[in-house]
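Asks: Chain by chain, the residues run as shown.
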Amino acid sequence: SQQGEEDPQALSIQEGENATMNCSYKTSINNLQWYRQNSGRGLVHLILIRSNEREKHSGRLRVTLDTSKKSSSLLITASRAADTASYFCATDGQGAQKLVFGQGTRLTINP
Amino acid sequence: GAVVSQHPSWVICKSGTSVKIECRSLDFQATTMFWYRQFPKQSLMLMATSNEGSKATYEQGVEKDKFLINHASLTLSTLTVTSAHPEDSSFYICSAHLAGVPDTQYFGPGTRLTVL
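First to last, the protein sequences are chains W and V. For the first sequence, position 90 (counting from the first letter as 1) is numbered 90 according to our numbering, and the numbering increases by one without interruption. For the second sequence, position 13 (counting from the first letter as 1) is numbered 1013 according to our numbering, and the numbering increases by one without interruption.
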């Protein structure tokens, strides 16, 4: 399978805490993206980081990319109940604008 | 921002029937659209790449005669699940690539298919 792996598969934390999710992939990439999916809904694009970038911020989100280890992390700071969702990383390693998704992390924020 | 719609949002059908799902880019042209399938609590798996005016490209293991894709215009791609069976029950999501702009894919809200 070309799919990457994410860990943890599930994460449950208290509101206000930080949540960190990790993603590993298998092929060379031009960029890596993170998406959020609420239960039974479509995907919401969160952030894109290019292969020549190491870190990127967007609001409470911080993404890092280590191409030597073929891994990325997504940090959500000061979590809120509304952050409860599944989070997926996606890479473009197969070319032709194709995206390969990781297995996802199910994040639960407890009020 | 760019919007992609899917219709229907959910459908229930009997085994053996065919179901058509539409994916539309509402305010932009998409020469390429992608179809994904997502089983419960699993990730998205790319099924096929839909190219306007040409045949779709299917991923390994996806039956092209079962999942018919038609990309007749720059704003519409359709996925038809033929002779649906219960194991085809899944969440089908499309995405549309903004023509001429790399690394831009906009996702539809998905279609929940339940085959009885």
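These are calculated hints, taken from the structure and not from any lab test. Computed from a prediction, not measured in an experiment: that's the story for all the values here. Note that CB positions come from ideal geometry on N, CA and C, so glycine has one too. Heads up, some of the hints might be wrong.
[To be verified] Cβ pair distances, simulated, as ranges:
(1) V:S1073 <-> W:Q9: 37 to 43 Å
(2) W:R60 <-> V:L1068: 40 to 46 Å
(3) W:Q9 <-> V:E1087: 19 to 25 Å
Asks: Does each hint hold? Answer for all of them.
Replies: Each hint tested on the structure:
1. Under the hint 37 to 43 Å, the C-beta atoms of S1073 of chain V and Q9 of chain W, about 40 Å apart, fit the expected range.
2. Distance hint check: the CB atoms of R60 of chain W and L1068 of chain V are about 43 Å apart, consistent with the given range 40 to 46 Å.
3. Between Q9 of chain W and E1087 of chain V the CB atoms are about 24 Å apart, so this pair conforms to the stated range of 19 to 25 Å.
Going down the numbered hints, you'll see the structure goes against none, and every one checks out.
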